[in-house]
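Mind docking these for me? Both chains are given alone in their own frames, and the hints should help you get the complex.
Each chain, written out:
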Amino acid sequence: MDEKNNEILEKYPKGSRESLIPMLQDIQEAYGYLSEQAVVEVGRYLDLPSGKIYGLATFYNQFRFKPLGQYHICFCHGTSCHVTGAEEVRKKLEKKLRISPGETTRDGKFSLELTACMGACHLSPVIRINGNYHTRVKPDEVGDIIDSCIEERED
Amino acid sequence: MENRTHIPIKKEYLVDNVLMNESVDLPADVEKMMRLLRRAKVRHPAVFVGTASSGVISGAGDTLDEIRKYLDERNIRADVVETGSAGYSSMEPVVEVQMPGKTRVAFRNVTAGKLSSVLDGIFNSIIPEEHVLGQHRDRALEIWKDVPFIDELPFFSLQKRNLLRNWGRISPLSIEEYIATGGYRSYVKTVRSYTHEEVCDIVEKSGLQGRGGGGFLTGKKWKVAHSVFADQRYLLCNADESDPGGYANRAMIESDPHRLLEGVLIAAYAIGTSRALIYIRNDYRIAIERLEHAISQAREFGLIGHNVYGSGFNIEITVRKGPGAFVCGEETAMISSLEGKRGMPRPKPPYPAVSGLFGKPTVVNNVETLSNIPAIFENGPDWFMSIGNESARGTKILVLSGIIVNQGIIEVPLGTPVKDIIYGTGEGIPDNKTFKAVQIGGPSGGFLTSENIDTPYDFSSLASEGVYMGSGGMVVLDESCCIIDTVKYFMDFIQKESCGKCIPCREGTSRMLEVYENITRRPVDANGHTTLERFKGVMQLESLAGVISDTSLCGLGQKAPNTVTSSLRHFRSDYEEHIFDRECSAGVCKELRLFQIDVNKCTGCTVCAPKCPESAIIGTRHHPFFIVEEKCTGCGICYDVCKFSAIYVK
Numbered sequence: 000m001d002e003k004n005n006e007i008l009e010k011y012p013k014g015s016r017e018s019l020i021p022m023l024q025d026i027q028e029a030y031g032y033l034s035e036q037a038v039v040e041v042g043r044y045l046d047l048p049s050g051k052i053y054g055l056a057t058f059y060n061q062f063r064f065k066p067l068g069q070y071h072i073c074f075c076h077g078t079s080c081h082v083t084g085a086e087e088v089r090k091k092l093e094k095k096l097r098i099s100p101g102e103t104t105r106d107g108k109f110s111l112e113l114t115a116c117m118g119a120c121h122l123s124p125v126i127r128i129n130g131n132y133h134t135r136v137k138p139d140e141v142g143d144i145i146d147s148c149i150e151e152r153e154d
Numbered sequence: 000m001e002n003r004t005h006i007p008i009k010k011e012y013l014v015d016n017v018l019m020n021e022s023v024d025l026p027a028d029v030e031k032m033m034r035l036l037r038r039a040k041v042r043h044p045a046v047f048v049g050t051a052s053s054g055v056i057s058g059a060g061d062t063l064d065e066i067r068k069y070l071d072e073r074n075i076r077a078d079v080v081e082t083g084s085a086g087y088s089s090m091e092p093v094v095e096v097q098m099p100g101k102t103r104v105a106f107r108n109v110t111a112g113k114l115s116s117v118l119d120g121i122f123n124s125i126i127p128e129e130h131v132l133g134q135h136r137d138r139a140l141e142i143w144k145d146v147p148f149i150d151e152l153p154f155f156s157l158q159k160r161n162l163l164r165n166w167g168r169i170s171p172l173s174i175e176e177y178i179a180t181g182g183y184r185s186y187v188k189t190v191r192s193y194t195h196e197e198v199c200d201i202v203e204k205s206g207l208q209g210r211g212g213g214g215f216l217t218g219k220k221w222k223v224a225h226s227v228f229a230d231q232r233y234l235l236c237n238a239d240e241s242d243p244g245g246y247a248n249r250a251m252i253e254s255d256p257h258r259l260l261e262g263v264l265i266a267a268y269a270i271g272t273s274r275a276l277i278y279i280r281n282d283y284r285i286a287i288e289r290l291e292h293a294i295s296q297a298r299e300f301g302l303i304g305h306n307v308y309g310s311g312f313n314i315e316i317t318v319r320k321g322p323g324a325f326v327c328g329e330e331t332a333m334i335s336s337l338e339g340k341r342g343m344p345r346p347k348p349p350y351p352a353v354s355g356l357f358g359k360p361t362v363v364n365n366v367e368t369l370s371n372i373p374a375i376f377e378n379g380p381d382w383f384m385s386i387g388n389e390s391a392r393g394t395k396i397l398v399l400s401g402i403i404v405n406q407g408i409i410e411v412p413l414g415t416p417v418k419d420i421i422y423g424t425g426e427g428i429p430d431n432k433t434f435k436a437v438q439i440g441g442p443s444g445g446f447l448t449s450e451n452i453d454t455p456y457d458f459s460s461l462a463s464e465g466v467y468m469g470s471g472g473m474v475v476l477d478e479s480c481c482i483i484d485t486v487k488y489f490m491d492f493i494q495k496e497s498c499g500k501c502i503p504c505r506e507g508t509s510r511m512l513e514v515y516e517n518i519t520r521r522p523v524d525a526n527g528h529t530t531l532e533r534f535k536g537v538m539q540l541e542s543l544a545g546v547i548s549d550t551s552l553c554g555l556g557q558k559a560p561n562t563v564t565s566s567l568r569h570f571r572s573d574y575e576e577h578i579f580d581r582e583c584s585a586g587v588c589k590e591l592r593l594f595q596i597d598v599n600k601c602t603g604c605t606v607c608a609p610k611c612p613e614s615a616i617i618g619t620r621h622h623p624f625f626i627v628e629e630k631c632t633g634c635g636i637c638y639d640v641c642k643f644s645a646i647y648v649k
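Residue numbers (numbering that gives the first Met the number 0), protein chains in the order written: chain A, 0 to 154; chain B, 0 to 649.
Incorrect hints may appear among the rest.
Stated by the list, open to error - Straight-line Cα separation of at most 20 Å, EDC-like style, residue types lysine to aspartate or glutamate; simulated pairs:
1) B:495 - A:93
2) B:589 - B:575
3) A:13 - A:40
4) B:495 - B:484
5) B:610 - A:140
6) A:3 - A:28
7) B:500 - B:338
8) B:101 - B:128
9) B:495 - B:513
10) A:90 - B:516
11) A:90 - B:580
12) B:113 - B:61
13) B:630 - B:597
14) A:94 - B:590
15) B:630 - B:582
16) A:94 - B:613
17) A:90 - A:102
18) B:500 - B:549
19) B:630 - B:613
20) B:320 - A:25
21) B:101 - B:137
22) B:320 - A:17
23) B:340 - A:17
24) A:91 - B:582
25) B:219 - B:200
26) A:91 - B:613
27) B:188 - B:299
28) B:188 - B:338
29) B:320 - A:28
30) B:359 - B:315
31) B:495 - A:112
32) A:94 - A:140
33) A:10 - B:315
34) A:91 - B:590
35) B:600 - B:575
36) A:137 - B:639
37) B:610 - A:17
38) B:589 - A:93
39) B:359 - A:17
40) B:610 - A:139
Worth flagging that the hints you see were computed from the coordinates, not collected in a lab. If you're wondering where the values come from, they're calculated on a predicted model, not measured in any experiment.
The shape of chain B in the complex, shown without the other chains (with noise of 0.2 Å):
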């Protein structure tokens, strides 16, 4: 985890002229020394390789590998720099380079077979044009001339990214790159001059709401705690994102692990606490160690531990691994964990604000929002407030996937109409498919068609379509998607992650997910699910939904019936197709289909009856062949091998 650089600057004159330095501006020559440190300004050529753990997936690994390689062989000097993730998934790998003078420029796709002709290209100032994705924008340098500028591509036209301002730019494994971007000022400055007060004053005055869904005031909250009397508190951060879909915290914390923990410090003084604890998934190992990395860096500043810069603010962070539980995410239930107990949630009230961990104080905040806290107090209050629309404040990291042209993570201002979001960023459906609709939230979320796709996206536009915003998933599904089998697998989902503590949302939702088994099934066998058994069981569902959601503990059952009752309201003629037509138009639920041979196409060649595991084919050579509607189970494995395109689904 060592990156290759040339740039060495000590760590007090960080300090001494950055860190604790209270003026906006910095002196000339300091401001120098950043540019250098940011690479704003190189002296040798650099080389950027995104390696998120989306960048390791689609080959970023291999590719880092082979610019090293490249280089030793043809002895050039450069800086080999791993950054995180800039969010553009489809385009990784992602490999920027930047030559003395001139502005930076992004390659897509780049793995480690293209990566030689990339680099040959650009270190003769030629642009290889089929890689090339964009020029960054920067005034003191010379730009490359017919390259795009990354901030006109329809990727990142529409977004504000503040949060994400480092991504792909910056190190993530390096504290003074963070430092040079502004990092770490805001939280000296507010531990050597604010009160605890001031600090949760400016918060509740921007208007930050939690971004883990649940979107209540942040600073409310901090104040909450911080109002009641005991001896110890607890700053809690929920990085133990698991849902399906959902992987923006995680990329946060692998792209710019340093502004969560800028945040996190930020919060622990707000509360007037010494203990910070950050809850995050066993699964993230390349987050973990990027996290523990920039914690342990941030030691050695003297930016956690004991007394900090002088302040008598004293610090402590540590690491939980999260054993694998969807239910954590729920706040009682992470601190039930946390204690070495099953994670299940508790009634609130108490809430964890004033009686969590151990019985105390205990304040737990979601990654994105605590990201959010060292901008607002860089630019104040009225900045953040002046972002959004009325109702929500603030930007919001989206994960953009599904079938859609352009996937990945992405940070639009809160009240951008959901539309704009897919047909702008997203750049719409691929392969001329028409648009079905878009699944916002994950497991808790609700669906969004074309009629009100024109919705807003903040916390109360989309609650009044019945949508919850959850962690901000969003998974486009074109007309090849089949609505009533994406709810089952939500269901099958939420089934298998309740907790069991509470019987609407354990028995519940099992309930559901047969209803759904039933309806996406043929039904031939008399005991198991009838016609009239399948039909009695989605009348159910609006009831059995009204019941989970009101009697369940926590968000978890709570939100649990948000996907069936939205999809009941909007696709109610899938639900018919599937109960009375039996069909599935989408070809998506393969036990409804039925397959049928076209006597004019077959020319009984046999490939297709030896294969039917039901020997549901008969027939003589070179006749056509027949299929036994009885006995046929559906699985396709005729129409698969059949070469005269002579089975067709009935």
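Here chain A stands alone, though its shape is the one from the complex (with noise of 0.2 Å):
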């Protein structure tokens, strides 16, 4: 394993069990994803099998295991967002990408997550691309939301 992991589980305790999250969450934040080999190094560290790490890593809508798109689509799907179709949305971008929420297109240009609310229920529906709101959203604007995003790539 390389040296950024190393100083990773450097900083906690060896054996303890409560700083799992927290050293999951590092890894993750320094890589992108939980590969297999990090899980079981923190495992072989904290001297737990490496089916319960998966088995709490799993649990939890924040660990992901492949690495994330390009382009990183949240999508907010909050009680007003329902309301105000977001629904309808949602199959758009699904139907677009070709992807479910939690997956990544093949190509890996897009990923797709659910959010339970993002807090702007006054702009609804919100999906957030890279850090970038996209407010108020109609179905019929998705397709020319990720043509956008595919032409800046491009340029």
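Laid out in structure tokens, this is it:
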């Protein structure tokens, strides 16, 4: 394993289960996801079976086991977004990208994720692409938003 | 994260003259300095911009950059201050400007493009009318003519802003400004002159109830934890709010993090612990950043650490990021998560106050509960008792959203009728539509309709209507919303977030979701959802709800069927319409729709036929087309593309 990972591990006391979540969070922050190798390393360090670590990590929404796409599309699915038509937007997104929430397109360009509430109910429905917000999104705008990402990349 | 300010005041000055000063009023010269710090009086113009997450999503980040550019280009000496949200989300980005000697004026929807017209105006003493929101009241300053006062606007006039009083007023990044509003004085006084029991007594006397939804007396909980013999106790602040439509706690931390910290510190002292943890949702980047910044400032001021101001009280605060699970809002689940396990609840008793984190006494308090503490110590428990009604004291923060004119975060005294909140503060439903229902309390809440909308907003009155306050979400639905679809949405959320430990919650909510899925689509195939199945499912909903709420382990399961029972009680006709007529009059349940073509309007232009994914539209060019009913799935593509409005919903 590389040095970055060792540095993260050494910040935490050996063998203490309570530091498992912060440790995994730090690893994900550094690498973007939890690789199989990282999970094994953490298990060795904390003296925990890798199965237990997977069991924990899959329970929480934050952890992913595959790298994110170049465009990380976060889709808000709060109540307000729902009543103002987020469901249609979601369908359009899934259709356009041909993936479901939690997945990444095969070319690694886009990944889709659902969040419960982004805290902008007055601008619903909201989607966030790499930190840029698109507000009051209408279903027929979805195609253009995605296309503009692709064009941006080609420029 | 740096404010451009020109107010140099030393830490020692604040500590000696303000924090350590136990008298009620400060000396005149100190008070004058405090006015400067609060920017109640300014020597140079000051520009404030709200950069809480709701502001940022509305574009406040660009506005802030634009302000700095504007001032640099014109060589204007002015303070630029990042504040939190003012609560008025639909008006964001909000920019406030204070000119020397004049009251502070707030402007609405100031996106980067509109900034120069606003600043050009006010720097030349002209108020740009189309952007103005209102001016703040300050007797010592000259008022602007023909500008309304902010507290007279409908959105603000009904509110009682205790917890939100610093929102949009001071910088959440500056401990000095918080101290200037009277902050941390109660804490220093508490640790220096009160005993642990006295602090618990004061809070119990105030009648403060837990704002996380449970409504348990906070002072009582503290007493229990304090009375248990242990070598270590823990204080846990629950900032893991993650229900759809609820973002008040996040905004509280983003707008006034020191208020929460002061509450945490007093609570920690009351239960006699040296370890406090704040469990906050990992997604809340801005909130975490501001909270950590606030903690480091408080440590610098000696408010956190060893032997605080010579009182012998030691305290350490750690921020722990919640990796994302709705169930972790449950105290026992949160404790499991902090111990490095899956966030699953366990049966109570033993209550966490007796045996919690690592088996030690642990008090779990919600952000809003703790934020109430500083004001109780500042104004006394009797003051707190005087707000609210007989059954519940104090104020409550709500997130008003959905289909309503004024959206945002508000604070009202407990016991305010829901009707006043919706039609007073919220100013009713836009576009002359009719009110259908209000959904209160997120996934664990319920509906109020126009029949019982007069219900006072407090724990017991709502509960008697079968609605639970939850975290304070309030989503208004109008005629264009479908109740069945909304309930389905909540069941889908709960079913996904159920931790799976107990069967009634895990399986029961999945079955409920199935019932809703069945009645919101047309019974086309013979095996899956026949008419009888649809009918049977709804018949069983009520008994299923009873079993789930009686036998689930934690609040998530116990409250899960609330929306279902509440909708069954008030919206029988909607259910009947979906089951018997196979119709959704609101037009939301798309799979129930059947489209037809009006032969008189159809010109046979052939636009729709090739677009139909099911090839259900047939006909000859220049003659009216037809939709084959059996093939139509109700997707509505033909409806959207028709230029002659010839397609209608049957």
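Evaluation of the provided hints:
1. B:495 - A:93: holds, 19 Å
2. B:589 - B:575: Measuring from Cα to Cα gives roughly 17 Å; hence the hint holds.
3. A:13 - A:40: holds, 12 Å
4. B:495 - B:484: Cα-Cα ~16 Å, so holds.
5. B:610 - A:140: Status holds; Cα separation ~18 Å.
6. A:3 - A:28: The given pair, whose Cα atoms are some 11 Å apart, holds under the 20 Å limit.
7. B:500 - B:338: Given that 20 Å is the threshold and the Cα spacing comes to 17 Å, the pair holds.
8. B:101 - B:128: Between residue 101 (chain B) and residue 128 (chain B) the Cα gap is close to 17 Å, so the pair holds against 20 Å.
9. B:495 - B:513: This hinted pair holds, its Cα atoms lying about 13 Å apart.
10. A:90 - B:516: Holds, at roughly 16 Å.
11. A:90 - B:580: Violated, at about 26 Å.
12. B:113 - B:61: Answer holds: residue 113 (chain B) to residue 61 (chain B) is near 11 Å, not above 20 Å.
13. B:630 - B:597: holds, 18 Å
14. A:94 - B:590: With Cα atoms ~17 Å apart, residue 94 (chain A) and residue 590 (chain B) stay inside 20 Å; holds.
15. B:630 - B:582: Between residue 630 (chain B) and residue 582 (chain B) the Cα gap is close to 17 Å, so the pair holds against 20 Å.
16. A:94 - B:613: holds, 16 Å
17. A:90 - A:102: holds, 14 Å
18. B:500 - B:549: holds, 15 Å
19. B:630 - B:613: Roughly 6 Å separates the two Cα atoms, so the pair holds.
20. B:320 - A:25: holds, 11 Å
21. B:101 - B:137: Answer holds: residue 101 (chain B) to residue 137 (chain B) is near 9 Å, not above 20 Å.
22. B:320 - A:17: Cα-Cα ~12 Å, so holds.
23. B:340 - A:17: Answer holds: residue 340 (chain B) to residue 17 (chain A) is near 8 Å, not above 20 Å.
24. A:91 - B:582: violated, 24 Å
25. B:219 - B:200: holds, 8 Å
26. A:91 - B:613: holds, 17 Å
27. B:188 - B:299: Holds, at about 18 Å.
28. B:188 - B:338: Given pair residue 188 (chain B), residue 338 (chain B) is violated - Cα atoms ~34 Å apart, limit 20 Å.
29. B:320 - A:28: With Cα atoms ~12 Å apart, residue 320 (chain B) and residue 28 (chain A) stay inside 20 Å; holds.
30. B:359 - B:315: holds, 17 Å
31. B:495 - A:112: Holds, at about 14 Å.
32. A:94 - A:140: Given pair residue 94 (chain A), residue 140 (chain A) holds - Cα atoms ~13 Å apart, limit 20 Å.
33. A:10 - B:315: holds, 18 Å
34. A:91 - B:590: holds, 16 Å
35. B:600 - B:575: violated, 32 Å
36. A:137 - B:639: Holds: residue 137 (chain A) and residue 639 (chain B) sit about 13 Å apart, inside 20 Å.
37. B:610 - A:17: Judged against 20 Å, a Cα distance of about 56 Å means the pair is violated.
38. B:589 - A:93: holds, 17 Å
39. B:359 - A:17: Measuring from Cα to Cα gives roughly 15 Å; hence the hint holds.
40. B:610 - A:139: holds, 15 Å
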